[in-house]
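Enquirer: The chain contents come next:
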Amino acid sequence: MAARKTTKKPNVSAEELKTYYREMLLIRRFEEKAGQLYGMGLIGGFCHLYIGQEAVVVGLEAAAKEGDKRITSYRDHGHMLACGMEPGGVMAELTGRIGGLSKGKGGSMHMFSKEKHFYGGHGIVGAQVPLGAGLAFADKYKENGGVTFTYFGDGAANQGQVYETFNMAALWDLPVVFVIENNQYAMGTAQARSTSTKDIYHRGEAFGIPGEIVNGMDVLAVKEAGEKAVAHCRAGKGPYILEIKTYRYRGHSMSDPAKYRTREEVQKVREQSDPIEHVRELLLAGKHATEDDLKAIDKEIKEIVNQAAEFSKESPEPSVEELWTDIYA
Amino acid sequence: MATEILMPALSPTMEEGTLAKWLVKEGDTVSSGDILAEIETDKATMEFEAVDEGIVGKILIAEGTEGVKVNTPIAVLVEEGEDASALPAAAPAAAAVAEAAPVAVEAPAPAAAPAAPVVDLSPDWPADAPMAQQTVREALRDAMAEEMRGDEDVFLMGEEVAEYQGAYKVSQGLLDEFGGKRVIDTPITEHGFAGIAVGSAFGGLKPIVEFMTFNFAMQAIDQIINSAAKTLYMSGGQMGCPIVFRGPNGAAARVAAQHSQDYAAWYMQVPGLKVVMPYSAADAKGLLKSAIRDPNPVVFLENEILYGRSFDVPQVDDLTIPLGKARIWREGSDVTIVSFGIGMQFALEAADKLAEEGISAEVIDLRTIRPMDTGAIINSVMKTNRLVTVEEGWPQGSVGSYISSVVMQEAFDYLDAPVINCTGKDVPMPYAANLEKLALITTDEVIAAVKQVTYR
Chain Y
21 MAARKTTKKP NVSAEELKTY YREMLLIRRF EEKAGQLYGM GLIGGFCHLY
71 IGQEAVVVGL EAAAKEGDKR ITSYRDHGHM LACGMEPGGV MAELTGRIGG
121 LSKGKGGSMH MFSKEKHFYG GHGIVGAQVP LGAGLAFADK YKENGGVTFT
171 YFGDGAANQG QVYETFNMAA LWDLPVVFVI ENNQYAMGTA QARSTSTKDI
221 YHRGEAFGIP GEIVNGMDVL AVKEAGEKAV AHCRAGKGPY ILEIKTYRYR
271 GHSMSDPAKY RTREEVQKVR EQSDPIEHVR ELLLAGKHAT EDDLKAIDKE
321 IKEIVNQAAE FSKESPEPSV EELWTDIYA
Chain C
144 MATEILMPAL SPTMEEGTLA KWLVKEGDTV SSGDILAEIE TDKATMEFEA
194 VDEGIVGKIL IAEGTEGVKV NTPIAVLVEE GEDASALPAA APAAAAVAEA
244 APVAVEAPAP AAAPAAPVVD LSPDWPADAP MAQQTVREAL RDAMAEEMRG
294 DEDVFLMGEE VAEYQGAYKV SQGLLDEFGG KRVIDTPITE HGFAGIAVGS
344 AFGGLKPIVE FMTFNFAMQA IDQIINSAAK TLYMSGGQMG CPIVFRGPNG
394 AAARVAAQHS QDYAAWYMQV PGLKVVMPYS AADAKGLLKS AIRDPNPVVF
444 LENEILYGRS FDVPQVDDLT IPLGKARIWR EGSDVTIVSF GIGMQFALEA
494 ADKLAEEGIS AEVIDLRTIR PMDTGAIINS VMKTNRLVTV EEGWPQGSVG
544 SYISSVVMQE AFDYLDAPVI NCTGKDVPMP YAANLEKLAL ITTDEVIAAV
594 KQVTYR
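Top line first, the protein sequences correspond to chains Y and C.
Residues are numbered in our numbering as their position in the first sequence, beginning at 1, plus a constant of 20.
Residues are numbered in our numbering as their position in the second sequence, beginning at 1, plus a constant of 143.
What the hints contain is simulated information worked out from the structure, not anything from laboratory work.
Glycine included, C-beta positions come from ideal geometry on N, C-alpha and C.
It is possible that some hints are incorrect.
[Said to hold, decoys possible] Listed next, with one range per pair, are the computed distances between beta-carbon atoms: (1) Y/E232 - C/Q412: 51 to 57 Å; (2) Y/I347 - C/I471: 23 to 29 Å; (3) Y/V340 - C/L264: 43 to 49 Å.
[To be verified] Derived coverage of chain Y by chain C (criterion: at least 3 residues anywhere in the stretch with Cβ under 8 Å from a Cβ of chain C; other residues may be distant): (4) 49 to 55; (5) 63 to 74; (6) 118 to 124; (7) 139 to 146; (8) 253 to 262; (9) 277 to 284.
[As the list claims (entries may be wrong)] Only some residues are given here: those of chain C computed to face chain Y with a beta carbon under 8 Å: (10) L153; (11) A310; (12) Y311; (13) T332; (14) Q366; (15) L375; (16) S378; (17) Q381; (18) A399; (19) A400; (20) Q404.
If we strip away everything but chain C, and leave its shape as in the complex, we get:
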């Protein structure tokens, strides 16, 4: 049976090419792998190999022909004994190509002006739960210990997490309770151990990876994004990655540019990741327990300055807080302040001071940056008509700038003033005490922003 040889596509972008030279002539016998012709693409001259065996019955396109469209028949291969002269005229390009053309995906219709969004306002724990003061550090440790007691597949790995008891003492006592098999000191090799942890999650375990700080996770960000976040999608849903990457994020104090960066906005961008950034001890505990149980990769951003701060923590058996649910810390009517992590400290202080001046601020702690509870924000803005966001990270591409765009698209008609994003200054973190203070967000800046949007 005669087989048409078609002009091949030899690069992802090639649509046509020049048939530069035939290396076979009519009557030649060819077998799989023999070079038939040289074809010039937009990038290079390529050799074109035979796939089938046969005899070159007819050459349909002469060498030197330019602009030969991909899939045009360029020659006909016949079997021994077959008469080439009886061949039918060259058929048009295979229909299969049109069939394979990409189908344009319809762009989602722009969202209509919102009805009030559905917001989960249920309490995170029973109102009558007894409370005890606990530091964020202790809450995080308890969360890990409780989950490790409940699930043999959960383990902790990172630098100094075991014998040293944690560079910031978050893993204090875990080695004693769970032993070296489940609390594992790694060498200083973030890229490598993050990859090993992700692989172990593919293999059925539930790793908690502690980065001594998230600044060092930059070494490992390829494994976090390309391997952990994308594999479920790339595998068509077959292979997920239940893993938690946690550790302190953002500025500590006087540790300069390379140790003082907030990564919330970086990780927030990645589909497949969940991103959590708690403020209080109760949230740190409840969210970390949920993150460990979550079947997806979770980036859990802590803060060194908050580690030692004490909060009320409900004394309930199994405190879990769903990821993706914001918390309204303080109700108000004149302005909405949205923050997360250590930014909450400035948001709450500002709200206190503003109250003294008769301005009522509603303060929302996002707690989870992705998926983001934008419903809670919009719901609040529909009431207050004014919005200020507060975060430690840099201004360009900040979490606040994303919130601004969501609110503009979904609640534009409710805004009585432009949204203001209070952020860290657009500079690497300086070391000098006075400059560092200037680079960080302050309560006074939040107050000034609120006064601006409320026209006071």
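Bound-form chain Y, shown alone:
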């Protein structure tokens, strides 16, 4: 975990900072609420929360342009909220209701939005990596200037298809940013116990793909790195790797007792490197916002999340007929 950098004066407007604060807070409060609904039995099955990693998606979305695509694995709620998908639609999918983005048929791990260019929501570790390169392949084929953010974790980084994809993405100069969200634990296995290299992005060098480490607890650092990566792709230079060091506060999924790390380790990150606290401090220290301003944002976010939760409870279950729809186009 890189320590928080506060020395460098951020080259960012008050409005931007407030936007990042709001977006990260939305993800955190949404996920807390999802955890609560899970505890109440309203959400079933697997539910992987994104708490702690908010700066990654918010920073990268700040570097994206309209038409850029994104795809990720099953820890996907944050990505969806960050690209503008409706919190109510996401939450109602978690509760398995007709108002969910997949009509309740996908669940926590499988949501999509053509409108927001979000391509899932995939449950097989690593499978989204060639899919993401395929989206980039389509952009290059259509010469539309689009870039695809292909997210995967430190765990997926040990899947063979990731390197099959690195090879072809480099060979064909595909406009894809490979985003390794390194939260240091592949489910319950610490990186040092699963991965031969300390910095995973180095593996791209074998394929001629440039990359770098990014402090994933600093939304401004993520945004800056994202802009660099996107510029590289848009210039036709092929793929780029961002290994974003981050940390998930919660277990791998809701049913993870998290005995593979200490409570102190989690607490230390929360206290010293929390990405939302970081922006909050920047806002207050730079006199961009008062405590009252931030309280107003907190309230606004709480209201959005409560509405999403209400919608997710009120939306009916899919009709029985839905069992048989959407199998063939």
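Chain Y is already provided as a structure; the job is to place chain C on it using the hints.
Expert: Just chain C now, kept in the frame of chain Y:
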């Protein structure tokens, strides 16, 4: 306002648990993320975090209590200044839970004994269409070329499809006509390029993926099934995957176990996939053109031995054959023989020989395995009352065993003999010439099966 803290469900299967230990006491101030208690589930001891801020007003369930049902109030959180003693008694578990309970889906009623099924017997091309001899290989190439001329979004990718002109020369000439942007040599990396192709289909293209053989598609089967076939459903209909996976399937000759497997039954099982396995050149062309236009993922199973075989192909402008429509190759009255792909060769040879002995066999080429034209089979069985299926794949879980079950359920009263499934032998393919011959289905076996069901 006081907020009840409820016993949480901490795993997908948890219904109750033990409140092992409180980590807060009444009067403590807590904020979101603080650990309130340790709860033992059926699997592990879990920490339970606060979601809301507040003061622990009352602890309702003492630590050490076993069998606490999910959603039972275990504590009450109050705001500053609020009097905990005035709190109402613990409310029963939230009503929302009952509301969320799964609604049992009624099992479909068993099908009633069938009226004659509606069967599409329309001809696939005009009866007066001029014919020309063409190999299956040429027909497949023409199908791809015609579709690529008509739609810029169609492209071909696979190992050796471009500069080498195809490992089996199916893509001969396509690179010259369409260039390297649309006819793409991939590295030997089936899992990866199948995934890239599926992703490109999500992105709006219409890829044709050639597997050098379907044996190698085993490396990619996760992308075919989990990504291509299921995404439309998982996305509630938003995101489909128009893609064709094609290449030779089944035994060639003397290439042993790892290169000689028929995957028809494997892919047939998957909702969301369509599965095509043509026999003739005309069908290969018409079905491949339809498969490329289809908005769903299609597994198109070819056969190396058939590539070089010539058939009459109608010379019409745009030959398409609908997926899911069987073809009656030969009408007959004593027995129905159902096959597909190279199995048709044995079915037709057997029918010829049986005719010499006075047994009239109706031969149906399924052409598409999924969706399956079971109506055509049942219609025929209602006439002949006897059924033999023929395929190269293994017996357990074969296409024929599925057909048998459908016919038993929907046309049991019409059967005058048990259905026989002629299949490849239940062994990995041997290399030795004599053993390989024994492992494969033969015309004589089909004849013997027909005689058995017709009691001759």
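Enquirer: Hints first: check each against the structure and report whether it holds.
Expert: Here's how the hints hold up against the structure:
Remark: the range hint 51 to 57 Å for Y/E232 to C/Q412 is contradicted by a beta-carbon distance near 45 Å. The given range of 23 to 29 Å is respected by Y/I347 and C/I471, whose C-beta atoms sit roughly 28 Å from each other. Restraint check, Y/V340 to C/L264: a C-beta distance of roughly 34 Å breaks the suggested window 43 to 49 Å. Counting residues of the segment 49 to 55 of chain Y whose beta-carbon sits less than 8 Å from any beta-carbon of chain C gives 3, enough to reach three: the coverage restraint holds.
Under the rule that three or more residues need a Cβ within less than 8 Å of chain C, the assignment of the segment 63 to 74 of chain Y holds, with 3 such residues. With 5 residues bearing a CB less than 8 Å from a CB of chain C, the segment 118 to 124 of chain Y meets the requirement of three and the coverage assertion stands. Given a C-beta distance limit of less than 8 Å, the hint that chain C covers the segment 139 to 146 of chain Y holds, as 6 residues qualify and 3 suffice. Counting residues of the segment 253 to 262 of chain Y whose CB lies closer than 8 Å to any CB of chain C gives 0, so the stated coverage by that chain is violated, three being the minimum.
With a cut-off of 8 Å between beta carbons, the segment 277 to 284 of chain Y has 4 residues touching chain C; three or more are needed, and the interface restraint holds. Interface hint at C/L153: satisfied, since its Cβ lies 6 Å from the closest Cβ of chain Y, which is below the 8 Å cut-off. For C/A310, the interface hint is violated, the least distance from its beta-carbon to any beta-carbon of chain Y being 19 Å, above 8 Å. The restraint placing C/Y311 at the interface with chain Y is violated, with a minimum CB-CB distance near 23 Å, outside the 8 Å limit.
Annotation: C/T332 was flagged as interfacial toward chain Y, and the flag holds, the nearest CB pair being 4 Å apart, inside 8 Å. Interface restraint check for C/Q366: the shortest CB-CB distance to chain Y comes to about 7 Å, inside 8 Å, so the restraint holds. Look at C/L375: its Cβ gets to within about 5 Å of chain Y, closer than 8 Å, so that hint holds up. Checking C/S378 against chain Y: minimum C-beta separation of about 4 Å stays under 8 Å; hint holds.
Annotation: interface hint on C/Q381 holds; nearest CB of chain Y at approximately 5 Å, less than 8 Å. For the restraint placing C/A399 at the interface with chain Y, the shortest Cβ-Cβ distance is roughly 25 Å, beyond the 8 Å limit, so the hint is violated. Hint on C/A400 is violated. Least Cβ distance to chain Y is approximately 23 Å, over the 8 Å limit. For C/Q404, the suggested interface contact is broken, since its CB lies about 22 Å from the closest CB of chain Y, more than 8 Å.
The structure does not agree with the numbered hints 1, 3, 8, 11, 12, 18, 19 and 20 stated previously, though it agrees with the rest.
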